[in-house]
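Enquirer: If you want the building blocks of each chain, they are given just below.
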Amino acid sequence: MNIRLNGAPAQTGATTLEELIAMLGYHEDAKIATAVNGDFVPTAKRAEQKLIANDDVEILAPRQGG
Amino acid sequence: MVEFYGQKLGSRLLMGTAMYPSPELLQKAVKASKAQIVTVSLRREAARQQSAQQQSGQGFWELIRELGVRVLPNTAGCKSVKEAITTAQMAREMFETAWIKLEVIANDDTLQPDLFGLVEAAQILSKDGFEVFPYTTEDLGAADRLLEAGCKLLMPWGAPIGSARGLNNPYALETMRNYFPDIPLVVDAGIGAPSHAAKAMEMGYDAVLLNTAIAKAGDPVIMAKAFAQAIDAGRAAFKAGLMEPRNMASPSTPVAGTPFFKLD
Chain A
65 MNIRLNGAPA
75 QTGATTLEEL
85 IAMLGYHEDA
95 KIATAVNGDF
105 VPTAKRAEQK
115 LIANDDVEIL
125 APRQGG
Chain B
24 MVEFYGQKLG
34 SRLLMGTAMY
44 PSPELLQKAV
54 KASKAQIVTV
64 SLRREAARQQ
74 SAQQQSGQGF
84 WELIRELGVR
94 VLPNTAGCKS
104 VKEAITTAQM
114 AREMFETAWI
124 KLEVIANDDT
134 LQPDLFGLVE
144 AAQILSKDGF
154 EVFPYTTEDL
164 GAADRLLEAG
174 CKLLMPWGAP
184 IGSARGLNNP
194 YALETMRNYF
204 PDIPLVVDAG
214 IGAPSHAAKA
224 MEMGYDAVLL
234 NTAIAKAGDP
244 VIMAKAFAQA
254 IDAGRAAFKA
264 GLMEPRNMAS
274 PSTPVAGTPF
284 FKLD
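For the record, the sequence lines run as chains A and B.
Residues in the first sequence are numbered from 65 upward in steps of one, following this note's numbering.
Residues in the second sequence are numbered from 24 upward in steps of one, following this note's numbering.
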C-alpha cells in the first residue's frame with residue numbers, strides 16, 4: 065500500500081510500524097525514534113501500531129544541532 | 024557553579040554540534056571548550072545511510088557518547104506546537120533525557136521564536152515531565168508566562184541564530200536580568216565573537232549557548248578555547264564588580280603635586 069515515509073511517497077507491504085522498520089532494513093539496535101501522522105510512537109508500541117494507507121511515517125535519528 | 028534543573032555544572036559554555044568541518048574537529052573543539060552540555064537534534068534518516076557510520080545518526084551518537092557530556096536535544100525547525108511536542112517526545116526516548124531545548128519558530132528569515140506557540144508547548148511539555156530550556160526573546164511577558172508554565176530557566180536570544188551579530192539589544196537583556204535575578208538566564212543565539220559572550224557574562228548572565236561562531240571559525244579548536252576564556256573572564260568580572268561608567272574624564276594619576284602647576 066501507499067504511505068508517506070520521511071516526507072516522500074513510498075510503497076510497503078508492512079502491516080505494522082515494527083514490520084515496516086524491519087523491512088526497511090534498520091539495524092535491530094538502531095538509535096531511531098518514530099512518529100505516525102504527527103504522533104510519537106514509542107518503541108514499545110511499534111508492534112501494535114497498525115499501518116493503514118496514506119499513513120505519514122517519520123523515522124528520525126540523532127543529528128548535529130545548535 | 025551554574026545549576027539547571029538541579030544539575031550543577033562547572034562550565035558556563037553550552038555548545039552546539041552542527042556545521043563543524045569534520046567529526047574530529049567537533050570532538051576536539053568540545054574538549055577544548057570544556058563544555059559540559061552539547062545540543063543535538065533529530066532528523067530523518069534512511070536505513071541505507073546507517074552503513075556509512077560517519078554520516079549516519081548512529082556514528083554521530085557514538086561520537087557524542089564518547090565525549091561524556093550531557094546532551095540537550097533541540098526542537099529546531101519546528102514551526103508548530105504539535106511538531107515541537109512530538110519532536111520532544113521522540114527526543115526524550117532517543118536521548119534518554121527529560122531535557123529539551125524548546126524551539127518553536129515563527130519566521131524562516133529571522134528564525135525568531137513564536138512566543139505564543141512557545142508558551143503553549145512549554146506548558147504541555149512541563150506538565151508531561153520535561154525540563155524545558157526555552158529559546159525565547161527579551162519579551163518580559165513571554166518570560167513570565169514561560170516561568171508560570173513550568174520553565175525553571177530562560178534562554179533569550181542575543182541576535183538571530185547564526186548571524187554572529189552579538190547582543191542586538193543589550194538594554195533589553197539587562198532589563199531581563201534585573202527582572203529575574205534568581206532565574207538562570209542563558210544567552211542563546213547570534214553570538215559571533217568571544218567579546219559578545221564576555222559581555223553577556225559581565226551583565227550577569229549565567230551561561231552562553233553558541234554553535235556557529237565556533238564551528239565556522241578559521242580554527243574551531245582555538246576559538247572554542249577563546250570562548251571558554253571569555254566566558255570565564257566575563258563571569259569573574261561580574262563577580263568582581265565592574266566600575267560604573269562616567270560621562271567625563273576623571274584623572275587616575277594624583278592631581279596633588281602636579282609639576283609646573285600654577286593656581287593663577
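Heads up, some of the hints might be wrong.
[Unchecked claim] Here are the computed lysine-lysine pairs in the DSS-like style, where the Cα-Cα straight-line distance is at most 30 Å:
1. Lys114(A) / Lys150(B)
2. Lys175(B) / Lys105(B)
3. Lys150(B) / Lys102(B)
4. Lys95(A) / Lys105(B)
5. Lys109(A) / Lys57(B)
6. Lys57(B) / Lys95(A)
7. Lys102(B) / Lys95(A)
8. Lys95(A) / Lys239(B)
9. Lys51(B) / Lys95(A)
10. Lys102(B) / Lys262(B)
11. Lys54(B) / Lys31(B)
12. Lys109(A) / Lys248(B)
13. Lys150(B) / Lys95(A)
14. Lys105(B) / Lys54(B)
15. Lys175(B) / Lys150(B)
16. Lys105(B) / Lys114(A)
17. Lys109(A) / Lys31(B)
18. Lys150(B) / Lys54(B)
19. Lys31(B) / Lys150(B)
20. Lys248(B) / Lys54(B)
21. Lys95(A) / Lys285(B)
22. Lys95(A) / Lys262(B)
23. Lys285(B) / Lys51(B)
24. Lys175(B) / Lys248(B)
25. Lys175(B) / Lys57(B)
26. Lys239(B) / Lys150(B)
27. Lys102(B) / Lys114(A)
No lab work stands behind these hints: they were computed from the structure.
Enquirer: With reference to the structure, classify each hint as holding or not holding.
Expert: Evaluated hints:
no.: 1; hint: Lys114(A) / Lys150(B); result: holds (29 Å)
no.: 2; hint: Lys175(B) / Lys105(B); result: holds (22 Å)
no.: 3; hint: Lys150(B) / Lys102(B); result: holds (21 Å)
no.: 4; hint: Lys95(A) / Lys105(B); result: holds (23 Å)
no.: 5; hint: Lys109(A) / Lys57(B); result: violated (39 Å)
no.: 6; hint: Lys57(B) / Lys95(A); result: holds (26 Å)
no.: 7; hint: Lys102(B) / Lys95(A); result: holds (25 Å)
no.: 8; hint: Lys95(A) / Lys239(B); result: holds (28 Å)
no.: 9; hint: Lys51(B) / Lys95(A); result: holds (24 Å)
no.: 10; hint: Lys102(B) / Lys262(B); result: violated (39 Å)
no.: 11; hint: Lys54(B) / Lys31(B); result: holds (19 Å)
no.: 12; hint: Lys109(A) / Lys248(B); result: violated (45 Å)
no.: 13; hint: Lys150(B) / Lys95(A); result: holds (26 Å)
no.: 14; hint: Lys105(B) / Lys54(B); result: violated (35 Å)
no.: 15; hint: Lys175(B) / Lys150(B); result: holds (13 Å)
no.: 16; hint: Lys105(B) / Lys114(A); result: holds (22 Å)
no.: 17; hint: Lys109(A) / Lys31(B); result: violated (35 Å)
no.: 18; hint: Lys150(B) / Lys54(B); result: violated (35 Å)
no.: 19; hint: Lys31(B) / Lys150(B); result: holds (23 Å)
no.: 20; hint: Lys248(B) / Lys54(B); result: holds (9 Å)
no.: 21; hint: Lys95(A) / Lys285(B); result: violated (82 Å)
no.: 22; hint: Lys95(A) / Lys262(B); result: violated (43 Å)
no.: 23; hint: Lys285(B) / Lys51(B); result: violated (63 Å)
no.: 24; hint: Lys175(B) / Lys248(B); result: holds (29 Å)
no.: 25; hint: Lys175(B) / Lys57(B); result: holds (24 Å)
no.: 26; hint: Lys239(B) / Lys150(B); result: violated (37 Å)
no.: 27; hint: Lys102(B) / Lys114(A); result: holds (28 Å)
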